[in-house]
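Could you put the whole structure together from the sequences, leaning on the hints where they help?
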Amino acid sequence: MSIDFEPLAARAAAALRSAELSGQGEDRTGAVLVTLDPDGRVTGVRVTQRWRERLTPAALGDAVREAAGAAATARFTAWGSAFADDSRPAGGDAGFGAGGEFARELSRLATRRMSTDDCRVALSELLTVLDDVEQGLDQALAQVAAARSRTWTGHSPHRDVTVTVTGGGEVGEVRYHSRWLAEAHETNIGRQTVAAFRAAYALAARDSAEAAIAESRLGSALRATRDPFELATRLRLR
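Just so you know, we're using full-length UniProt numbering here: the sequence shown kicks off at 1 and counts up by one.
Treat each hint with caution, since some may be false.
Claimed, not checked - Derived DEER-like restraints, expressed as beta-carbon distance ranges: (1) GLY69 - LEU123: 47 to 53 Å; (2) ALA146 - ALA202: 16 to 22 Å; (3) SER178 - GLN135: 49 to 55 Å.
Simulated from the structure, these hints should not be mistaken for lab results.
Please read all numbers here as calculations on a predicted model, not as lab measurements.
Here a beta-carbon is modelled for each residue, glycine too, at the ideal position from N, C-alpha and C.
Structure (structure tokens):
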């Protein structure tokens, strides 16, 4: 039985685009609006001009956390709605044709006439790649679990704002220096909050599961399967 993956891939691509456009959320008072990037990271924080009429200064950090959570929920809801839509999106064929392109490019690069020994070596190398994937998956799962349990703390340049994020992308805590917050303009509050988030994300990126996986056997196997030139060379097809 053959399965046509193209419509499914097109729907997934459209869903991702929809989720990217829907990465905003507010706290329950409407005093804080948070914007997320396609990876779910906080890239914008807008505090309304009269936020002090809706929140106490001590509650502002929790309001930012709540708005970030609402933005994440909006992204997932939009993704689910788009993916559940059976209609084929316009231009949806751009996105998951990469598998076919990879196979065509690999075939184009396979210019050598292979002997029996060459075939044996190619099969051995292919089995090595598969073994790297299998063995690397356990390692990767452990690294991802460890990364999700870690937390990273970032500060604004003058340490007036402190943000803690988890490896799973959740906002753990947002704290403001009370004396600074009492006089800070709402625009500067948003700007300094984003700066603290950036600092936390920068620390997380240096110790991420993705970085560790890239240096592992699984990372090596993934690179081989993404680059037809490298795979053709490794399998002695050229």
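Hints and how they fare:
no.	hint	result
1	GLY69 - LEU123: 47 to 53 Å	50 Å, holds
2	ALA146 - ALA202: 16 to 22 Å	19 Å, holds
3	SER178 - GLN135: 49 to 55 Å	52 Å, holds
Hint check: no violations occur; every hint is consistent with the structure.
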